[in-house]
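Protein chains: 2
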Amino acid sequence: MWRDRRVLDLFGIKHPILLAPMAGPVLSEMAIAVAKEGGLGSLPSAMLSPEQTRTEMEKFRAAVKAPVNLNFFCHTPPAQDEKREAAWRARLAPYYDELDIDPAAPIPVSSRTPFDENLCQMVEQLRPEVVSFHFGLPPEVLVARVKASGAKVISSATTIREAIWLEERGCDAIIAQGSEAGGHRGIFLSKHTDRQVGTMALVPQMVDAVKVPVIAAGGIADGRGIVAALALGASAVQIGTAYLFCPEAKVNAPHRAALKAAWDDDTVLTRVFTGRPARGIANRIVSEIGAMSDLPPEFPLAGGTIMPLRGKAEPAGSGDFTPLWSGQAMRLGREMPATELTRTLVEETQARLRQMTPG
Amino acid sequence: MWRDRRVLDLFGIKHPILLAPMAGPVLSEMAIAVAKEGGLGSLPSAMLSPEQTRTEMEKFRAAVKAPVNLNFFCHTPPAQDEKREAAWRARLAPYYDELDIDPAAPIPVSSRTPFDENLCQMVEQLRPEVVSFHFGLPPEVLVARVKASGAKVISSATTIREAIWLEERGCDAIIAQGSEAGGHRGIFLSKHTDRQVGTMALVPQMVDAVKVPVIAAGGIADGRGIVAALALGASAVQIGTAYLFCPEAKVNAPHRAALKAAWDDDTVLTRVFTGRPARGIANRIVSEIGAMSDLPPEFPLAGGTIMPLRGKAEPAGSGDFTPLWSGQAMRLGREMPATELTRTLVEETQARLRQMTPG
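In order, the protein sequence lines correspond to chains A and B.
Using our numbering, you'd call the opening residue of the first sequence number 1 and step up by one each time.
Using our numbering, you'd call the opening residue of the second sequence number 1 and step up by one each time.
Here chain A stands alone, though its shape is the one from the complex (with noise of 0.2 angstroms):
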């Protein structure tokens, strides 16, 4: 069915389809979904306890065998910044005051675990077929370890030096990560993000580079787009947005309502909400800070003075401060369930293949 064979045997799955790991959306209901369907169900462990994590896992191998993929953030956590918290908690203060939030309560402490020696260990336990790291790789050590627990081991690049550093570092496959992607840019290498590469341009140029297979991201949403990233040499396309608009997504209404009523063109990489930057639809807060503004405070910790602003405006139907995380293909989106989807994206692919194929 699948002419190129590679990630599907690297692996151990049917379809070269992955479910993008996303952080918040993504819990083991629509991993489960996509890997009934033969993709790759992934977990994102960024924003769970070691404790969600193992139940997630737990739900996912009592409900179907089939490989799944673990994912972690390996960023290295910044020390706090008084100086610099305080600029942006002055920052955010008139919207305090707007939505008539107490300056004095206490604001949570926006985390995002890295990956180190106890998430290391879990995979051990785990055992996880695929494990996918974001923002580089860990220490050398850890990506040993993992390798060894029986994992394959892939991450994003953005760029081809990206590519190759990750290669020369033991990855089994590389994800292509267009400029087009929602979501936290794996950028890890360069500092320009306005430099950032589209998918059309990015692929190719790494399946040149690189010996691994490449994973294509970012603008992909049906099967024309799968079947232009195999055109242009991936081996499997991993597909983010797209799940977002599956009942099974933890997505909050006024983030659903946005990426029902965005264009295209409606998109900007910013730092605002996490001090990375990150794809997402733009709205007020973006707008008013500035998308890259260097006000927010280093990856994660931005995220802490907003949350209660978004605990005050989402309920009240507002995504004037929510991270609304969205690719550029947005308008692709569909409604259905995500097993629905996932059989739907190869039904397609199949179709279009057999149309281009030349008279």
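Among these hints, one or two may not hold up.
For chains that are exact copies, the list does not tell them apart, and a pair is met inside one copy or across any two.
[Said to hold, decoys possible] Straight-line Cα separation of at most 27 angstroms, DSSO-like style, residue types lysine-lysine; simulated pairs:
hint : residue 1 : residue 2
1    : K312      : K36
2    : K260      : K211
3    : K191      : K260
4    : K191      : K36
5    : K312      : K59
6    : K250      : K211
7    : K191      : K83
8    : K250      : K312
Just so you know, these hints were derived from the structure itself, not from any lab.
Dock chain B against chain A, hints included.
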């Protein structure tokens, strides 16, 4: 040979490949080469006098019996702003000093002729089969006259909303200019240059939004990219950067050297060289002024003050002040004559289509 014949029949060409009308690098020699192989040869007029354009058209008509695309800019020329001009000269003064250029010497005026009554008369006389515009469309009355002359009218859209706007105003086909593309962005409705959409996301959403055929541009440089564009629903492709590697391209030595050495993430959108955002390889002046600085005067005035710097630096082998226009897929570039490149693109595309046929 080609399943989708919409653009082929519209223009009367054999293969769905348009030479991008790159003002500067492309003259009749390159257009003739592409047309001889069955693609659409394009002649960019924006940097030529009407007399030069006539000469290039005559050369084309004498060399090949094939349709030709005559390209025009359709910006509104800005008023001279002495204060802004003075600030720009002051900012560049240290470079004049460094290169030992007399700051009191007259500075050339950078002009790009916008489409107007005179050029419309020229079109009515020269009767190109296709007229393409960049930066939207000229006034309605001029578009009507161009169409009445028998020419098919096309223009570039960088967003879905721009595509709908162009279709409503009578475009016969629309170029989907993905963010990967080199040179000037066609952007004309949006003010947000940081929200430009990648080809992978732009093309299928545009195909869904308009009835006229879509021509994909941006990041396409070999048969893989052409098949990908067709898979996304494009009826043809427009290729620019790949043709800059041909000997027929009028590309200065520092630019040529930069194209060969560049990495995928070395380009940036900058308004430094002309006042409008355009994609090129970042060099000294871009880095030092700031790619999207608002210091450079409005398009096309910014370029005048830079010309003396180029005049001194380029002969000495330096590209420090040269617009190094390039798309993001420059690493796919191959040095071969434009006829051979066009033939190769067609062959690669056919071969790739056969490879992708479901087993």
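The hints, checked one at a time:
1. K312 - K36: neither (38 angstroms within a copy, 65 angstroms between copies)
2. K260 - K211: between (39 angstroms within a copy, 22 angstroms between copies)
3. K191 - K260: Answer is between; shortest inter-copy Cα gap is 23 angstroms, intra-copy 32 angstroms.
4. K191 - K36: neither (39 angstroms within a copy, 44 angstroms between copies)
5. K312 - K59: For K312 and K59, neither the intra-copy (32 angstroms) nor the inter-copy (69 angstroms) Cα distance is at most 27 angstroms.
6. K250 - K211: neither (36 angstroms within a copy, 35 angstroms between copies)
7. K191 - K83: within (23 angstroms within a copy, 34 angstroms between copies)
8. K250 - K312: For K250 and K312, the Cα distance is within 27 angstroms only inside one copy (19 angstroms; across copies 60 angstroms).
In this structure, the earlier hints numbered 1, 4, 5 and 6 are contradicted, and the remaining ones agree with it.
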